[in-house]
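**Student:** The chain contents come next:
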Amino acid sequence: MNDPQYGWWLPPDVSVHGADIDFMINAIHWFMLALFIFWGGFIVYCLIRFRARPGHVAIYRDIEAKWNRWLEIGVAVAETVVLVVFAMPVWAKIKDDLPLAPEQDAMVVRVVAEQFKWLFHYPGRDGTFGKTGPEFYADDNPAGLDFDDEAGWDDITVRGFHFPVDRPVIARLTAKDVIHSFKIPVMRITQDVVPGMEITIWFQAKETGRFQVGCAQLCGLGHYEMKANLVIESKEDFQKWLDEEHEALGLDE
Amino acid sequence: MDKRLFLVLASLALVFPLSSGADDGKPWDPAVGTATITGSVKFTGKKPRSRPIDMAGADEKCAEAHGGKRLKPDTVILNDNGTLRNVFVWVKSGVEGWSFPMPEGDAMLDQKGCMYSPHVQGMRKGQSLSIKTSDPTAHNVHGYAKVNRPFNRSQPAGAANVTIKMKRDEASPPMKVKCDIHPWMNAYVAVVEHPYFSVTGDDGSFKLENLPPGTYTIEAWHEKYEVMEQTVTIGDKETKTVEFAYPKS
Amino acid sequence: MSEIVIPYRTEPHPLTGVTSGKLGIWLFLASEVMLFGALFSSYVLLRVGAAEGTWPTGVEAGLNVPIGTFNTLVLITSSITMVMSWASLKMGNPGAFKRYMGATIALGMLFLVVKGFEYSGKFHHGIFPATGWPGASDPSTFYGFYFTITGLHALHVFLGILVNIWLLVWGLALYKTEPERFAGRVEISGLYWHFVDLVWIFLFPLLYLL
Amino acid sequence: MSESHAKLGFLRSYVFSTDHKVIGIQYGITALLFLFFGLCLMMMMRWQLAYPGEAIPIIGGLLGETLVDDGAMLPSFYNSLGAMHGTIMVFMGIVPLAVGAFGNYIVPLQIGAPDMAFPRLNMASYQAFVIGGLVMLSSFFLPGGAASSGWTSYAPLSVTATTGQTFWLIGMIFLIASSLLGAINFIVTIIHLRAEGLTFFRLPFFIWSQLVTAFLLLLAFPPLQVAAIFQLMDRLADTSFFMPTGLVSGGDPVAAVGGGSPLLWQHLFWFLAHPEVYVLILPGMGIVAEVIANNSRKPLWGYRPMVYSLLFLGFMSFCVWAHHMYMTGMGTTMSTFFQITTMIISIPSVIILTCLVISLWGASIRFPVPMLFALAFLPMFGIGGLTGLPLGLAAPDAHFHDTYYVIGHFHYVVAPGTIFAMFAGIYHWYPKVTGRQMNVPLGKLHFWLSFVFMNGIFMPMMFEGMAGVSRRLFDPTVYEIGAAVHGLTTMSSWSAWLLALSQIPFIINFFMSMRKKERAEENPWQATTLEWATSTPPPHGNFVEPPVVYSGPYEYSVPGASSDFSPQFIKQES
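Chains as they are written, first to last, in the working numbering: chain A, 1 to 253; chain B, 1001 to 1249; chain C, 2001 to 2210; chain D, 3001 to 3574.
Since the hints were derived computationally from the structure, they do not count as laboratory data. It is possible that some hints are incorrect.
To be verified - Ranges between beta-carbon positions, derived for each pair:
#1 B:LYS1112 <-> A:ARG172: 16 to 22 Å
#2 A:ARG53 <-> D:PRO3441: 18 to 24 Å
#3 A:LYS93 <-> C:ARG2047: 48 to 54 Å
#4 D:SER3138 <-> B:SER1128: 28 to 34 Å
#5 D:LYS3516 <-> A:LEU47: 28 to 34 Å
#6 A:ARG53 <-> D:LYS3516: 47 to 53 Å
#7 D:MET3334 <-> B:SER1117: 49 to 55 Å
#8 A:GLY127 <-> D:LEU3311: 58 to 64 Å
#9 A:LEU47 <-> D:ALA3561: 21 to 27 Å
#10 B:PRO1103 <-> D:ILE3507: 52 to 58 Å
#11 A:ARG53 <-> D:SER3138: 42 to 48 Å
#12 C:LEU2045 <-> A:ARG172: 42 to 48 Å
#13 C:ALA2087 <-> D:ILE3507: 20 to 26 Å
#14 A:GLY127 <-> B:ASN1161: 30 to 36 Å
Cβ coordinates follow ideal geometry from the N, Cα and C atoms, glycine included.
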């Protein structure tokens, strides 16, 4: 496990799809910097060359500039390229290409947001989620499990997020009370979690490590404390963790 | 949603004349209080299931207090002798007309290891609830009072006690207290006009002492189950036993 | 002191062909279109998103179509009397203006009274804005919309009545000195009144019939 | 006429005045006070961010125990401050200053009108604004504190919030009513009361910006009015327009019927709030265009493309609202549509900015204080606009959504952008309003300090956002990322406090200059537009003789003219 280094630029990226996003962000910022330097230089040059001084008279007639048109067209073209070549395909891949095929072997996890913590719900040993519903939510049942449903009794409901590296993860996000936003900076994921809706996202990690899940949408006074520990680990470690969690359920008591 | 203003006004209008009337009761005479009601709360049904709380995933400081051991929610705790813990038993009616002396000190609610202690307690109307934090992490105590004024106060680690004066009766149901940062934390505080209340402990028993002789309605309240009521008439220097059995079948 | 004279109060501006007041009321109505447009779109959005079978039609929800139709006729009639009152001013007949304006106000009040009876009938049956469609596990917000939209519309009618009363009782004094300006005011009030009428003509089928 | 003016009582002259100039000044003073108040709220927030959990110096001890614990801020108070800072700055500070103050004072003068088209409506608009403002402010004294659900007031959080939210909604309804009345007045005034000869393409750019702004206010505010009414119903009548079925709060079911949609609020809100962004920036662009044309002593380059861009911008601003909602689970079709419209709307902004910059070419540039602010506006708004680019695209937004990058982005647009434009306007038109010139060295001191510290506040936010620190966090150091860039947060905070101190020269200048004996010249900037055609300050009724316009707005340095400016209201010998 490596210690993440956070600095003044993008945080480390441990997701598969993040490289595309990072490339876009970096490219756009280079483009912005170039534009800014060009314009800034032009302004400063004008301010010096055309400063008011005795004997200097402004030119009344319009200067005939064509290059500005080219510049504006250039900006438009650059935006179109960014939009069509990068933004749309990348976004479509993130949003639409859910790894549903069995050979993709995606892990499904249900994420419940509540004031002011996350709850992660894994299907447990039997691989099936128990029956859940808003009518089951209670103080001693934060995941909203039907306790009478045996399929759900071995489900793992924890406050920290674990998932294996190199395996797609499908997360089904629900909120109990207000709008939250599921954010993992190192995974380049943000997704609002809206009560009354179940929103499905997917992602895949390419490196292991210990990070944090946060909430990115103001959800009340404990918003700042709405974090969870994130552990991305190897498949073996993840299996080991699942076994430990199974033990902790104390089903054999 | 925003019924608070309305509730405050309505309760002012309703409670004010009532409570001022009640306060005029004659001073309590300890010589009258000779009767006792005892009993226990049995649990007869199937043991309800519960699942452990994972504190470490969200806040390691909480988990450290328990040495990594997973706690289960305090909601339904069954004692070894088949009784139910954390049932609030109190005299709902029958002791009107007295003005009882106030106990000294505040009712205490401690936040320890990201759990509230005690989970259920009673306190007197006019007494203050003092909420303490013993944890190295921030808490936010949120009182969902329906009769009293609701409160919502943050307590960073090491903060001073939050003290709330409870000005009105609120026992049926008691006020719920939650931590807005650790959603698994909850507690109940009942505010009663008189000193005749008790919470069942690890033997499931309760005891209401120093009652004047008379006829009383005894109410038992548990956070998960229905409210139960029994009427009992008790004479001078008498001790009667009242048994409750949960859940209602 | 000499009041400053602001042009185009009574004479139309050559570019727009209307007085300032009339241009102002048209702009105001444009913003009102956005207001009711937002109400209607919200209605559509939630109705489309509602679970199957939870959005009652007006009749299912207990809205009385004959009474609604009656109220529609009341409002349409009041629009006609509003036009007549303006026309009689233009023809220099303040007496007829008073009669027609009085009728407009009375019809507006009749509309509100009928509406009031509809509301109290609903309350009597235990139906409030917060009432969901009974028996549905995922209830709809039909009654919320019904009370909010018709309530806002009734508020508009009420304000229109206030303006008309002002015109009839106090505003008429202006007729003696500046008849054109007064007629302009009546016309502006009329435009607003027709708009409120028009909104009802959309509201009635939306809530009662569909 | 001036004698008869003096006969009006105090109430008629100042409180219930219908004179657009008095109303403009009233708006200006009120808005500046609100801006200052908003700044104070922000300074308290910055303390908590820089020194989390430490007692706020000086005022910490004065606040009640529901707001602070031993002088250290509590999260609920922080959220109130955040929500009210945003609301006050946007709805009670910048809009009233840009539209209410500059619009009211300058528009009738610049088009040669005796007053606004509806003077009494104008007064009502100001009064509604004051009532709305007072309702908002009074919410600070409620037991649960002021609204604390962000200036966006997302449901369901806002529906279940404390009573402060109800006051927020009622205040908003008044502010919206005020803006609607004002918008109608501006449009009618600009269309109907232009002086003879002042055709649409002879209008100063500032008038165009006010016209488009008024249309935006007129058409964008009603949906927010509807949203506010819905939310009030949800709060007071227990309806559930924004409350879905099956909500659970604090372990217990929420007593709402259900069936509503939280996203409905966002759609209604952003349908207003995106045009609102242009309401904030367009008047600023207008002022900057005036100041740059005046001080570069040449006509604006590309006046017509600028006007067309402005109109297009106004229209397009109604088609981009959902780019605030990419992360709400929107499908790819919708997000593609809004990404395209967002890229399209950037083009007219680029054109306007380009025209302003090219206007400097071949000019003869003077550097009075208003010009300094106007020039600083260009790169600052440039940064604000450029950083909107990654936010307008859904994929990078997956990283930037609700981070400090967003805060940095829109503050660059409105703080060093619009507020600098407002300062430019104040310095530029101060002699028109008071008949005195502001002190130049103090003005320059004010400019340079503000320029440095504005960037000191918002540039670090860009890097914090880049690192992935979420906004609206009471204590960002709770997160590893937040702790790692805490130095930037502290730098931001210190810049904020120093920025507040930098306003002292301005405040001194503002009040001391009024008492100067020496009067400014009638046309101190040697400007061409109509507001300089009348005496200073203008009399009641503005113009003794209605002015007639003979030429375009920016006839500077006309070859063969006797001076380097040829006012619109003077017929040139040809």
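**Student:** Against each hint, give a clear statement of whether it holds in the structure.
**Tutor:** Going through the hints against the structure:
1. Here the CB-CB span from LYS1112 of chain B to ARG172 of chain A is close to 35 Å, at odds with the stated 16 to 22 Å.
2. Separation of ARG53 of chain A from PRO3441 of chain D is about 21 Å and conforms to the stated range, judged on CB atoms against 18 to 24 Å.
3. For the pair LYS93 of chain A and ARG2047 of chain C, the supplied restraint of 48 to 54 Å is violated, since their beta-carbon distance comes to about 34 Å.
4. Between SER3138 of chain D and SER1128 of chain B the beta carbon distance is about 29 Å. The supplied range of 28 to 34 Å therefore holds.
5. LYS3516 of chain D and LEU47 of chain A have their C-beta atoms about 30 Å apart, which keeps the hinted 28 to 34 Å range intact.
6. Separated by about 29 Å at the C-beta atoms, ARG53 of chain A and LYS3516 of chain D break the suggested range of 47 to 53 Å.
7. Distance hint for MET3334 of chain D and SER1117 of chain B: a CB-CB separation of about 50 Å, consistent with the stated range 49 to 55 Å.
8. Distance hint check: the CB atoms of GLY127 of chain A and LEU3311 of chain D are about 60 Å apart, consistent with the given range 58 to 64 Å.
9. Here the CB-CB span from LEU47 of chain A to ALA3561 of chain D is close to 25 Å, well matched to the stated 21 to 27 Å.
10. Look at PRO1103 of chain B against ILE3507 of chain D: about 57 Å separates their beta carbons, and that is inside 52 to 58 Å.
11. About 56 Å separates the C-beta atoms of ARG53 of chain A and SER3138 of chain D, a value inconsistent with the hinted range of 42 to 48 Å.
12. For the pair LEU2045 of chain C and ARG172 of chain A, the beta carbons lie near 24 Å from each other, so the given range of 42 to 48 Å is not met.
13. At roughly 60 Å, the beta carbons of ALA2087 of chain C and ILE3507 of chain D sit outside the given window of 20 to 26 Å.
14. For GLY127 of chain A and ASN1161 of chain B, the hinted distance range of 30 to 36 Å is not satisfied, since their beta carbons lie about 49 Å from each other.
Of the numbered hints listed earlier, those contradicted by the structure are 1, 3, 6, 11, 12, 13, 14.
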